[in-house]
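Chains as they are written, first to last, in the numbering used here: chain A, 1473 to 1764; chain B, 1473 to 1764; chain C, 1473 to 1764; chain D, 1473 to 1764.
Check the hints yourself; a few may be wrong.
Heads up, simulated PhoX-like pairs for lysine-lysine below, C-alpha to C-alpha not over 25 Å straight-line [said to hold, decoys possible]: (1) C:K1675 with B:K1713; (2) D:K1761 with A:K1761; (3) B:K1520 with A:K1630; (4) B:K1713 with B:K1675; (5) C:K1675 with C:K1761; (6) A:K1713 with C:K1761.
FYI, nobody ran anything at the bench for these hints, they're computed from the structure.
The chain contents come next:
There are 4 protein chains.
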Amino acid sequence: MAVERVGFIGLGIMGAPMAANLLKAGFQVTVWNRSPSRTKPLVDSGAKGADSPAAVAAASEVTLSCVTNSADVEEVACGPQGVIHGAHRGSTYIDCSTIAPETARNVARELSARGVDMLDAPVSGGDVGAKAGTLAIMVGGEAPVFERCLPVLQAMGKTIVHVGPNGAGQVVKLCNQVACGLNLLAAAEAINLSRRAGVDPAKMLEVVGAGAAASWMLSNLAPRAVNGDYAPGFMVDLMQKDLRLVLDAANDSHTPLPGTALVSQLFQSIQAEGRGTDGTQSLVDAIAKLAR
Amino acid sequence: MAVERVGFIGLGIMGAPMAANLLKAGFQVTVWNRSPSRTKPLVDSGAKGADSPAAVAAASEVTLSCVTNSADVEEVACGPQGVIHGAHRGSTYIDCSTIAPETARNVARELSARGVDMLDAPVSGGDVGAKAGTLAIMVGGEAPVFERCLPVLQAMGKTIVHVGPNGAGQVVKLCNQVACGLNLLAAAEAINLSRRAGVDPAKMLEVVGAGAAASWMLSNLAPRAVNGDYAPGFMVDLMQKDLRLVLDAANDSHTPLPGTALVSQLFQSIQAEGRGTDGTQSLVDAIAKLAR
Amino acid sequence: MAVERVGFIGLGIMGAPMAANLLKAGFQVTVWNRSPSRTKPLVDSGAKGADSPAAVAAASEVTLSCVTNSADVEEVACGPQGVIHGAHRGSTYIDCSTIAPETARNVARELSARGVDMLDAPVSGGDVGAKAGTLAIMVGGEAPVFERCLPVLQAMGKTIVHVGPNGAGQVVKLCNQVACGLNLLAAAEAINLSRRAGVDPAKMLEVVGAGAAASWMLSNLAPRAVNGDYAPGFMVDLMQKDLRLVLDAANDSHTPLPGTALVSQLFQSIQAEGRGTDGTQSLVDAIAKLAR
Amino acid sequence: MAVERVGFIGLGIMGAPMAANLLKAGFQVTVWNRSPSRTKPLVDSGAKGADSPAAVAAASEVTLSCVTNSADVEEVACGPQGVIHGAHRGSTYIDCSTIAPETARNVARELSARGVDMLDAPVSGGDVGAKAGTLAIMVGGEAPVFERCLPVLQAMGKTIVHVGPNGAGQVVKLCNQVACGLNLLAAAEAINLSRRAGVDPAKMLEVVGAGAAASWMLSNLAPRAVNGDYAPGFMVDLMQKDLRLVLDAANDSHTPLPGTALVSQLFQSIQAEGRGTDGTQSLVDAIAKLAR
C-alpha cells in the first residue's frame, strides 16, 4: 500500500523546498517548524500545520526532518515532544539532516524499540537541487524500508542510493564533504598558481575543466571565486560543521585524513576574517592570503 | 596559406598516436625518434623518416615534439642536431611535452632570434585521448602563431585554448596537475573513510559522484582503485616528475601550495613501495597505509 | 595565615605522587578516589580518607583534583557529591587536570558564586616529574589566590607560573601539547630521513641535539624510538585526547594550526595499529610507515 | 705528524670567523675569497692570501671551504682553478658548506682519484657559534681522515661527530634543518594559539620552555618573534635553500616528510611578502597571517 500521508519537520533553506516538492507530488503533507512563521507558505499551498514533531508523526505514515545538527535531530526525534511520542508502530522516520553517523544509529535504535523504522537520508545538491527536486540522496537503513519509502524520496531527489544499514547514509554524506573540500582546495591552488604565474585563471579553468582535472567545483564554484563572487551556495560555517563531523568520525575509527584536516584548517582562516557566511569558494582566498 | 608539411619528434606513448592523427588528417608528416625502431609503424603509414630533429625541421613548416622532460626539449630544440639548426625562418616549433615554464620561455627566445616561432602546447587526456584525437591542449605563444597552427592542433585535440604568451601553456598544464593530484586525494580520503566506517566504497562513489563532489578522477580512476586495479593510465613516477615542476615553479614565484605539497609526499609513499609505475589511483593506498 | 589542610581528588599515575609530595611537605592531606583501593597507600602514609569530593572539600582549605577529562572535572567539582557542596566560603579549588579552557572557566564561575576561588593549574613533566616534585605548573586564576596557594603548588612543582585569569592555565597547557607534538614530528622526520639515507640515527641525534635543533623530545624520547623502545612516558591515546582539546579550542577561536592538525592525523595512524597505549615516541613509526 | 698548514676558501659570515679561529689556534693559514677585499682582515691577522683555490690547496695540508651552494662547491673543488688542480697527494679537502649529499659524494670521488681525501663537514650554530668556536660539526668521510683532521675541526667547533662515510655529514645537516624547521613551527603554532586565546605568549613560553616542550628554538628564537624582532640569525631564504635540498634528497630516497613539506610552504609565505632576508623566527607570522 503506497504511502499517502507524509510529515516534514524543519522548513529551512533546504527543508521548505523539499516539503513543497512532496506537496507537488501529491502527498498529504503535515509540517512543523521551530519558528512557526515559516510554515505559512506551505500551509497556503495545501499542507497542514501541526504543533509539535510528535503531532506531525501522529498524522503521518512517513515523517521526514531536515534540521541543523545532531542535537536538533535528537530533540526532534526523541525529545519530550519528539517524533517518538507520536509515531505509530510500522511508520517510518527519515532524517535528511547531516549529523554524526553514531547519532543516526542511536536514534534508529530508540525508534526501533517502539516499532518505528528509520532511514538516515542526508542530501547533496544545495538549495538549487532542493528546489529542482534533483538532490542526491544517500540512504542508510533496512532495504524493505528503503523500498517502501522510495516514492517519497523520488519526489525530492534524482540520484537516490541505498548505501547500507543505519548510519551508512551519514557516512556517505561525510565522504561527500571530504571530496567537496579537497576538490575545492584543488581549484584554490590551481587558481593561485595560475595568477601568480601571470596567467588568466579564467582561461586556465576553461581548459583544465575539460580533461582529467575536471570537477563540479572547478566548473561551478571556481569561476565565481575568480570573479570575486563569494555569495553562498553553501556557507563556510556549515562546511566547517560538517568537516568537524568528518574529523570526529575519522578520529573514532582511527582513519587518518591529512588532506581533509588541512582543508578544515584553511576554512578556519576564512572564518577568522569574519567571513563564515561566505560561500565555500572563498577557500581560494585562504591560499591567496598565504601568497601575500 | 595553410600548413601542409609537419614534423613530429618523439614517438612515445603520446607522440606516436598524435603523429598518426596528423597523418590521418592529411598532413605530410616527417618523423624522428631517439630509438629509430619506433618510427617504422608511422613510416609504414605514409610518414617520412628523418635522421635528426634538425632534418625534421628542415622538411616542415610546423615541427612538433613530445618528449620526456626539460632537458630533452633543450636537446631536441637547441642541441647540436636540434630543430634550431634546420628550421626555416617563419616556420614554427610546437612543443607538447610537460616541462618547466621557464625552459619553454628560454627555448622560445632562442628560436625567436633565428626567426622561428614557438608555441608551448602541453596536452592532457592520456594515451586514450591521444589515440582518439580528443586531447585538451593548453597553448602559450603569440596569437597569430596560434591561429596559423590551429588546424594542426585540431588534428590531435578537442579542447584547444590559447592561454597566454610563451610559457603560459606550461603554467596551465602545471595547474592541471595540481588539480588532478588534489582531486585524487579527495577520492582517496573519501574511499578510506567509507571503508573504515564499514560502507561499500563502490556505493559511496556511485552517489557522491552524482553531485557537488563529482570529478573526473572520482568517476574514472577511483573505481579502479576500489577494485584493486592499479594499471596505469598515468604513472606515479611521471606524476611526481610533474609535481616537482609544479613545486619548483611555485617556489620560484613564492606561491604556497600546502595541499599539493602533501599530495607529492603521499605519492612518494607509493614510490617507496617500488610502485612508481602503478597508476596514480594508487594514491588511495597511501592513505590506506596510514590506517593500517 | 598559611594553608595547612589540603585535599586531593584523583589518585592516578599523576595524582598519587602529587598527593604524596603534599604529605611530605607537611600538609594535612585528605584524599578521595573513584576506586577506593587507590587511597590506601596514602592513608598508610598519614592522609585521611573521605567518602566524597564534597567531604574532601569540607575538610580542606585548598582542594586539588587531577582527573581524566572535562566531564570528570565537572562531576568532581559541581556534580551531586562535588566539591561545591562541601567547600567553605573563602576556600580554594585547584584543578590540575588537562581540560577545555572553557570548562575551567565555567567551573570557576559556578564556584565563585558560592564564594569559592578556583585555579586551573595543569601540569607538565609526567609521572617522573610528579614523583620528583619537579612539575611545570601553568596557573590560571586571580593573582591573590595564586599567591596564597603558591606554597601548596611548590610542594609539587618546580617551574610555577601564573599565566593569566581562569582558563589561561589550560590554554598554556594546550600550547604545551602543540609544541610537544610538533617537536616529536621534528624528531620523527629527522630520524626517518637519516635512516633512509643510510646514516645511523643515533649518531645523527647526538650531533643534531647539540645545536639549534635541540629539544627535550630529541634528547629524551627520540633515542627510545631509535632503539625500538615504545614504553610510555605519555601514551598516544592521552596525547590525542589533548590534541582534540587543542583543535577544538583553536576551532572555536578560528586559529588555523595546520602543523598540529597533521600531527593529530599521524597519531591516529598509530592508534589504527592498536598501539594507542604506546608512548608518543611511536610517532616515528607513523612516518616510517609512509616509507614502506 | 700534526697538521700545520691549512687553507680556507670562502670568507663570508661563517667562513671569516672560522678562518680566524684557525689562525688563533696557531695554524699557518692561506686564504682565498671570490671578492678579494674580504681577505684583508685575515691577512692583517697573519694569514697569507692566495690567488685561486688551487693555490690555496698547493700551500696547505688541509684545505677547507665554506661557500653558498652545491654549484659553488663544484667550482671551488673541481673547477678550472679548483682545489683539485693544486692539492698534493695525501692532503685533505674539508667542505663546511651545506650542499646536496650527492654532490659531496661526487666531489669526494673525483678528489680520491687524484689521491686527495675529502671530508664533508657542514656546521650548525650560526655566526655566533662560528665566532665563539662552538659550532656543531657533522662529519662524513673515512675514519682515519677524520682522526687526522680532528685538531683542525676542534679549532672551530665544540660538538664534532663522525657520522659516517662521505655524504653522511650532509645528510645529518639536512636532518638538522628538518628538526629546526618543525621546532620553529611548534613555536609558531603555540604562540598563535596563546595569543588568539588571550594569553600573553611571553608567559606561555616561560613555562612551556621549562618542560617536555622545551627546545632551542622555543627558548632562543620564539621570544624574538613575540617581541616583533625579525632580525636574522639565519635568513628565511637560506633556510628555504636548505629545505629544498632536504626535500630533493627525501624525494630521491622516497622518504615522505609531510611536516617538512608544510614548513617549506609556510616559509614561502614569508618570502612572498618580500621578507626572505628576515630571520627564520618570522615563521610565526605565516601562521598569524592565516588567522587574520
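> What hints, given by number in increasing order, does this structure fail?
Replying inline: Checked against the structure, the hints that fail are numbers 1, 3, 4, 6, while the rest are satisfied.
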